[in-house]
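J.: Given next are the chains, with one letter for each unit.
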Amino acid sequence: MTRFAVQFVVIVCLLFAAELTPPVQRALVIPWTEGLASLSAALVTVFDAQVIAASRVLQSTRNGFAVSIEAGCNGVEAALILIAAMLAFPAPWRHRLLGIAAGLIAVQSLNVVRVLSLFYLGQWNARAFEWAHLYLWQVLIMLDVLIVWLIWIRLLPPDRVEAADAA
Amino acid sequence: MPPDPLRGFILRALLWLPLCFAAWYGLAAIHAGVIGSLSRGAIDLFRPGLVTGLEQAGRELVFVTRILVHPAPGQSALVLPEVNPLLYTYGLAFFAALMLAARAKLWQLAVGVLLLLPFQVWGVVFDFLLQVGIRPGPEITVQAGLSAWQREAVALGYQLGNLVFPTVVPILLWGGFNRDFIAGLRRRA
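In the order they appear, the protein sequences are chains A and U.
Using my numbering, the first residue of the first sequence is number 1, and each one after it goes up by one.
Using my numbering, the first residue of the second sequence is number 168, and each one after it goes up by one.
Hints were generated in silico from the structure; no laboratory data involved.
Ideal Cβ placement from N, Cα and C applies to all residues, glycine included.
Any given hint could turn out to be false.
Partial selection, computed: residues in chain U whose CB lies under 8 Å from chain A [to be verified]:
hint : residue
1    : L178
2    : R179
3    : W274
4    : L276
5    : V331
6    : V336
7    : I338
8    : F344
9    : R346
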């Protein structure tokens with residue numbers, strides 16, 4: 001567990017340092033965030049036509065309320081933490097890659113729910129929006145990361161777990 | 168069929184979370200006082216005399232600095248950065264919910280709460296440094312006296328304290344206290 005913790009911290013630091021660099025921001029983070037805004041708008045317009053997305057901003061044409069998806073709200077940090085946890089844990093590479101792919105879908109799906117819920121919560125009550133935005137959803141997303149990681153550990157094949165342990 | 172320990176843990180965590188959030192928010196003013204005092208001590212170590220006082224408005228912390236600004240000719244005012252400590256302490260509710268869901272012992276919960284303190288102080292200190300050393304105009308940042316590399320370090324420290332520590336440290340501490348639970352999830356051949 002100590003070895004896992006050290007490897008996890010090192011990988012998290014490396015991934016976060018890489019994420020903050022301008023090339024990674026330009027090539028991955030900004031396009032991803034804009035895509036998230038577009039996806040959120042596309043989903044919302046299925047049942048609410050009065051929503052538009054421009055760059056990272058999701059806006060209601062009904063009342064002008066808008067949310068801008070920024071660092072910490074785009075699910076990138078949660079994804080990096082999940083990736084680091086799966087890379088640091090002893091497991092066969094095939095299962096790591098499968099776990100990362102499935103985990104990213106799970107985390108980002110919940111993140112879309114977060115964005116949409118905040119968008120409507122903000123139109124209803126500013127205080128509830130602030131609470132959910134700053135505290136509650138941060139924890140729920142990270143709880144999702146933890147649950148995905150624990151389920152992934154349980155799904156690791158026993159023989160390979162033993163082999164990975166011995167390696 | 169024996170109960171699924173993972174499912175039980177997840178359900179208990181979801182049940183404990185709102186209760187822990189309520190307790191955390193209810194005690195936030197007291198907690199803020201502790202965090203504020205520790206943060207002021209940490210800032211004094213880094214920049215002795217920069218902070219001359221600490222005030223608390225409900226759950227908000229207000230640092231009184233010796234930094235002067237001149238909003239108009241002949242006028243001067245002290246800079247009083249405000250920090251919302253809740254941004255850096257909500258991980259306490261998360262940690263408590265995880266520990267209670269894992270049926271941890273009380274001493275483990277207490278030790279974890281103490282171990283979270285430095286990370287919460289980190290968040291408040293770097294928020295303060297960001298407000299006096301990077302965000303405002305040169306009149307304030309010059310008086311804060313941060314060098315170029317220190318400003319970079321403050322920016323990175325703020326990101327860690329804001330985006331990583333509040334949610335990741337509670338999970339790491341919970342994992343450290345519940346190694347047997349995690350190990351028990353792995354199937355053995």
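J.: Under 8 Å is the threshold here; is the Cβ of U:V336 close enough to any Cβ of chain A for the hint to stand?
T.: violated (10 Å)
J.: Can you verify the interface hint for U:V331: is its Cβ closer than 8 Å to any Cβ in chain A?
T.: holds (7 Å)
J.: Given a cut of 8 Å on the nearest C-beta pair, is the interface hint for U:W274 held or broken against chain A?
T.: violated (19 Å)
J.: With 8 Å as the cut and Cβ atoms as the points, is U:L178 at the interface with chain A?
T.: Since chain A brings no Cβ nearer than about 11 Å to U:L178, farther than 8 Å, the hint is violated.
J.: For the hint on U:I338, just tell me whether its beta-carbon gets within less than 8 Å of chain A.
T.: Holds. Min distance 6 Å.
J.: Take the shortest C-beta to C-beta distance between U:F344 and chain A; is it under 8 Å?
T.: Violated, because the Cβ-Cβ distance from U:F344 to chain A comes to roughly 10 Å (cut-off 8 Å).
J.: Measuring from the C-beta of U:L276 to each C-beta in chain A, is the shortest one below 8 Å?
T.: Violated, because the Cβ-Cβ distance from U:L276 to chain A comes to roughly 17 Å (cut-off 8 Å).
J.: Let's test the interface hint: is any C-beta of chain A closer than 8 Å to that of U:R346?
T.: Holds, because the Cβ-Cβ distance from U:R346 to chain A comes to roughly 5 Å (cut-off 8 Å).
J.: Given U:R179 was flagged as interface, is its beta-carbon under 8 Å from a beta-carbon of chain A?
T.: violated (12 Å)
When held up to the earlier numbered hints, the structure conflicts with 1, 2, 3, 4, 6 and 8 and fits the remainder.
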